[in-house]
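Asks: With the sequences and hints as input, model every part of the structure.
Protein chains in written order, with the working numbering: chain R, 1 to 402; chain E, 403 to 585; chain Y, 586 to 688; chain L, 689 to 1392.
Don't take every hint at face value.
Unchecked claim - Only part of the chain L face toward chain E is listed, based on derived beta-carbon distances under 7 Å:
{"id": "1", "residue": "Ala1376"}
{"id": "2", "residue": "Ala1378"}
{"id": "3", "residue": "Ile1385"}
What the hints assert, rightly or not - Quick look at which bits of chain E chain Y covers, simulated, 3 or more residues with Cβ under 8 Å:
{"id": "4", "segment": "419–431"}
{"id": "5", "segment": "438–447"}
{"id": "6", "segment": "535–544"}
Said to hold, decoys possible - Some chain L residues well away from chain Y (every beta-carbon gap over 10 Å; in silico):
{"id": "7", "residue": "Gln764"}
{"id": "8", "residue": "Pro939"}
{"id": "9", "residue": "Pro980"}
{"id": "10", "residue": "Gly1235"}
{"id": "11", "residue": "Ala1249"}
{"id": "12", "residue": "Thr1301"}
{"id": "13", "residue": "Glu1348"}
{"id": "14", "residue": "Gln1369"}
Just so you know, these hints were derived from the structure itself, not from any lab. Even glycine gets a Cβ: it sits at the ideal position worked out from N, Cα and C.
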Amino acid sequence: MISAGAVDQVFVTLKDWIVFHTPAPLQTLVSIVIEVATIIVVFAALFALTTVFERKGLGRMQNRYGPNRVGPFGVFQPIADAVKSLTKEDVVPRAADHVVHYLAPLVLVGVVFLTYAVLPVGRNMTAVNLDAGVLYFFAVGAATELAVFMAGWSSHNKYSLLGAMRAIAQMISYEIPLILSSVPVIMMAGTLSMVGIVEQQARTSGGLAHWNVFTPWGLAGFILFMIAATAETNRSPFDLPEGESEIIAGYFIEYSGFKFALFFLAEYLEMFAVSGLGITLFLGGWSAPFSFLGWIPSWIWFFGKLLTLIFGFIWVRGTVPRLRMDQLMNFAWKFMLPMTLIVIFSAGLWRFLSAAVVGPMPLGGVIRWLVCALVILAPYITLARGLERGRRIEKRVYRYAE
Amino acid sequence: MGMTFSFLILAIMTLAGGVAAMTMRRLVHCALALVVSFAGLAALYLNLGAEFAGLAQLLVYVGAIAILIVFAILLTRGGEGEPEGSFSPSPAGIAGAVAALAVFAVLTWAVETSSVARAGAAVAAPQTTMREIGFALMQRYVLPLEVIALMLTAALIGAVILALREKRNEPADGTAQKQGLRA
Amino acid sequence: MTPLAGCLLVSALLFSIGLAGALTRRSAILVLAGIELMLNAANLNFIAFWRFGAHPEFLTGLIFVIFSIAVAAAEAAVGLALILAIYRHARTSDVSEITEMKG
Amino acid sequence: MTHPESVTWIVRNLWLIPALPVAAAGASALLKRSQRRLSAGLAIGSMGISLVLSLMAFAQALADPARRVVTFNWMQFGDQWVQLGWLLDPLAAVMLVMVSFVGLLIFIYSLGYMAHDDNFTRFFCFLSLFAGAMLGVVIANSLLLLFMCWEVVGLTSYLLIGFWFQRPAAAAAAKKAFITTRVGDLGLLIGMVWLYAQTGTLLFYNSGAGCLEQTAVAGMEAHITAAGMAVSTAIGLLIFCGAAGKSGQVPLHVWLPDAMEGPTPVSALIHAATMVAAGVYLVARVYPLMSPDAREVVAWVGAITAIFAACIAVAQNDIKRILAYSTVSQLGYMMLGLGVGGVAVGMFHLITHAFFKALLFLGAGSVIHGCTEDQDIRNMGGLRRFMPVTFATYTCGMLALCGFPLFAGFWSKDAILHAAHGWGVSQGPFYLGAVGALLTAFYMTRQMYYVFLGQRRLAEATVSPAAVAAHEIPAEQIEPVVSARTGEVCIIEHPHESPGVMTRPLVVLAVFAVLLGFVGTPAWPWFQSFLAGESTGLDFGRFSEAGLLPLMVISSLIVFAGLGLGWWFYGRKPILHATDPDALEKIQPGVFHALANRLYVDELYGVTVIALTRFCARFAAWLDRWIFGGAVRIVAWMVTGMGWLDAGVDKFVVNGGFDEGCRDVARGGRLLSHLQNGRVQNYLRVIAVALVVLAAILLWGRRG
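Replies: Here is the structure:
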């Protein structure tokens, strides 16, 4: 009989065992190599899985089958894709800046993988438990913009440059709400360490875990965070940087073969990483929502939540049309930014309205919840009204399409 | 030898990035080299135990200032136009290089003769947690923090006003504006 | 050579590189970049003195660097906005050509 | 501020009465043009509150007739404080109630009268300011404060008379009113300064130290100045100059009829309730200063004004102008009353006159309003049918003005005549007054026949067909008639009764015009004793006092005679055409024309005072141009000559040396400016070198 705890810690135990059996001078190195390799392999596999998942999911949403030729139900499609991209000719434009052109996808993928170092994917399963984990995540993530610029500029193509500019403007604009919407969590947790944040949410009272998403500021913050994350990862409906119908494929237009695959990989990895951050900050990381579900291994929880969020991304992609550039910018600066500030204020209020102020738990908790929710909802309604004023919403006319 | 191997590597990376940034022909290459230098410096900070400062360096310099510089290069058409004239040994350029060398000589002299630098033995890395930095910022240095916040706001507004096009009817130059806000 | 001296030397070298760039390059943006490098050299000094100084528990050098980074961000934003404004006006960002204040 | 414990709330806060309308004026000055209702509401509301407060003050004065004073320090001159203050005594209380009540009615009336004016808001702003300033005059306990309010009254009267400043006549009239009253105010100012020099205070009453109190007045009476006059007489006469200017006494009356160019409510406000009453009130207020000599002057001036203006009124054709001259005439009566009888007599007539003259003016306004802004009585006639309310109330006012027995004017005018009859100095004023009464009845009868009775005489084509077509005028008010002159059919507009907002004040005023006299009949002289601070009872026995009853009979007879004469000339034969000559004109064209031209007073002023002024101005201009200008020019030539000389020296002697020096300096500057060449990197390089040098010095120094 294997206990639930043993299953939970099976990977940790395995790693410890391997490290224990290596010579002492190499132990640190082996430990690092194991961690890095695991991350790369697991998430690359997840990437492969997601591509087919996404294509089939989108296909269902659009009333078609999606890939179904390679292997049973088309599950081996990613392998075929990989073979294809590896064997294709690597075309580099003559006018391109070769070095930068070569470096850009590598930098991008490398930087994205770096962010995984601090993600707690399970109990005791964090590569580096940094004291400033969240800050590290954002600091390293900021470098992706530079990689995008490198790709766009070095290709010497107007579409790629335009796409890069769009992407950078968008990423910068949405990075601010992204960071600001995670500020309440940091405020309430009192730590920047991801492990610390998850452990605080893993506590339970009355069978219910202390997930941040269960509080009004956490719920609002989560929604804002996910919107900003969608934009940050250039996913639909914020996929202007690659907008196929306008600028073909954006900044990686001039990439082919394996480099193109790297961009593709980086994009998905970015999505996983930012979803992982969202899970860590708001959805309790690897913890179970109810204490009676605690027997399920923590990494299953993490990856289950991750897949759910990914499905959400796919669903949104299949549903929502692309925004215009001005809409995108207005949304970021006029709606997201003020709302995140309001959420921060609400979180402060939540802290202030402790049991001593609002009274004992059952009723006091409800009052506290309602007050904080009101503090967010009232400005939201006013803001939304204000932004909608003077804007006529009419039936769209397709002048040339019909 | 007091310096660790990693310090040496990072120092060389930083300095090489700096030299490349100051000598390359294409402005965009310069900016990218500058990023290398900044990143190396951030790593140096981390190596010296200043975790928060290193990450802030990374976030601000690599994430913001480098992007700003790149945007400025593109907006002033430095990115696609002809590369800046190479180092033709103009008298002014030589004078500048000589002045910089003199400064370096004097600084090295100062470091070499400094009693402080000679005495500074390697002490154990101070264990600073984010919590301590947070308390320091919010208690002892709260006034400077507020002043900095005010100054950043002023700079933000100033940058937006400067970068706005003078004519109103032209399409808004969104990017420069946003860069200002970001900073 | 002590670690502190090493840091100070690296910083001095970085400062001189920045100064050389600021003195010799003609693009205003690169002049600004050189100035940033000099600023970073100074920051490195602060960190080094904090790390190897007598009282690291006071965090003075570290906090100074944080503030200095914030100031640098503001400086870069305003500086680049100025360069943009000048470029729009004078159609150049070559510092050797921008010698007039009026115009 | 000093006020003993006995001072009640209303006395302490008496300042609110003028302050409220002034505040309303200030507020409505800030309003936009379109905020008509708000501005009118502010003005009427503030006036209503002022009226309530005035009534409270009145009740206080009734309960406690003693004079109550509140003073406060205003401004320091050297070591002296200028004190201002307010007072409440029966005189002020009566005036307060009268001014605020009549003012309020006029405000309400203006709502209707000015309803179509574009500058409605401005009008109410001025009106409020005017009323506030007038109330300030009434409660002032300092000649200085009174003078300030007085001047504000003058200013606002200027603004109001010239309210329709786009009409040249209105602008000229406003200027005339302002300048003419200024002439009188000069006298007032001199008197005020002299008074201050004599007594050291301008407070009227200040527990024994005021300038109107026993010690000060006695001192001034003892002090004899030039021409054997007591100082108090001289000062009193100077102050009377100001009063004469404001109240339109004879030499300075010319502005008053012209002031009819203002909107009618303004005329009513200026002529009935307030501004002209201010002069009379001033004389009543400083009555202790008026020595018998001064009173004699006042009485004579008043009597002459009374008869003089009455004569002119006979020959006027403008409905408001008749009333204006009538006002001048009645003001003369008031002055006469003050001169011969004392404060109570003059003030009684002032109060009754305020009500019935306001009534008459507002009635005239109603007529004008109904007759599409026509003011010529020859174009009216037969309005009785169209404007019954106006007619009835107007008749009340007219009878009161004539002094018809038992109407208000009868009692007050009779008191004046009685006092004049009993005056020891001369019987002249009495006879002048009696003739004036006859003329009053006559010209008012003439006006009534012209305006309300007889048949309608029309100015032709009073309505444009376009206005009819556009239904701007109700259909029942128009009628097509055949023009008598041209034989063409034209459409005329029927006169129409004014709206309720205008007629209701008329009715209220009419009630007062009939009844107000009974508070001061000889049998029950309540008003007079109230002013004197005594109590009185009903006693019909007083009628039997020497000469009173016969005099009343005679005065009634005079009135009847005037009415009869009027009927004889104007009522017997209906006036058929607007162009018909006046009945009097047929008999005595020369006299009538002289009267119609206001006895050529304006022309007289034109050839005397104004010509003199103009001559002086021309002389001054000549002086300026030739004598002073010549001197200046000679000096200028001299200076120019010296300048040439100087320039020569400068050019050849000084510059020779300096130019070289300057050139050298400039050369040096140019040399140095190479350093400042705008190349940033140069500067930076210099800084770097300086850094190196500095650091080297420091290091070297430390080593050694």
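Asks: Are the hints correct? Go through all of them and say.
Replies: Each hint, compared with the structure:
1. At its closest, the beta carbon of Ala1376(L) sits 4 Å from a beta carbon of chain E; the interface hint therefore holds under the 7 Å criterion.
2. The beta carbon of Ala1378(L) is not positioned within 7 Å of any beta carbon in chain E (closest approach about 10 Å), and the interface hint is therefore violated.
3. Nearest Cβ of chain E to the Cβ of Ile1385(L): about 10 Å, over the 7 Å cut. The hint is violated.
4. Check on the segment 419–431 of chain E: 6 of its residues sit with their Cβ under 8 Å from a Cβ of chain Y, so the three-residue criterion for coverage holds.
5. With a cut-off of 8 Å between beta carbons, the segment 438–447 of chain E has 5 residues touching chain Y; three or more are needed, and the interface restraint holds.
6. Given a C-beta distance limit of less than 8 Å, the hint that chain Y covers the segment 535–544 of chain E holds, as 4 residues qualify and 3 suffice.
7. The Cβ of Gln764(L) sits about 55 Å from the closest Cβ of chain Y, beyond the 10 Å cut-off, so the non-interface label holds.
8. Chain Y leaves Pro939(L) outside its interface by the beta-carbon criterion, the shortest separation being 70 Å against a cut-off of 10 Å.
9. Chain Y leaves Pro980(L) outside its interface by the beta-carbon criterion, the shortest separation being 85 Å against a cut-off of 10 Å.
10. Distance to chain Y confirms Gly1235(L) as a non-interface residue, since its nearest Cβ pair spans about 99 Å, more than 10 Å.
11. No Cβ of chain Y approaches the Cβ of Ala1249(L) within 10 Å, the least distance being about 94 Å, so the stated non-interface status holds.
12. At roughly 59 Å from the closest C-beta of chain Y, the C-beta of Thr1301(L) stays outside 10 Å, upholding its exclusion from the interface.
13. Residue placement check: Glu1348(L) keeps its beta carbon more than 10 Å from all beta carbons of chain Y (closest about 31 Å).
14. Separation of Gln1369(L) from chain Y is inadequate, the least Cβ-Cβ distance of about 6 Å not exceeding the 10 Å criterion.
Violation of the numbered hints given earlier is confined to hints 2, 3 and 14; the remaining hints are satisfied by the structure.
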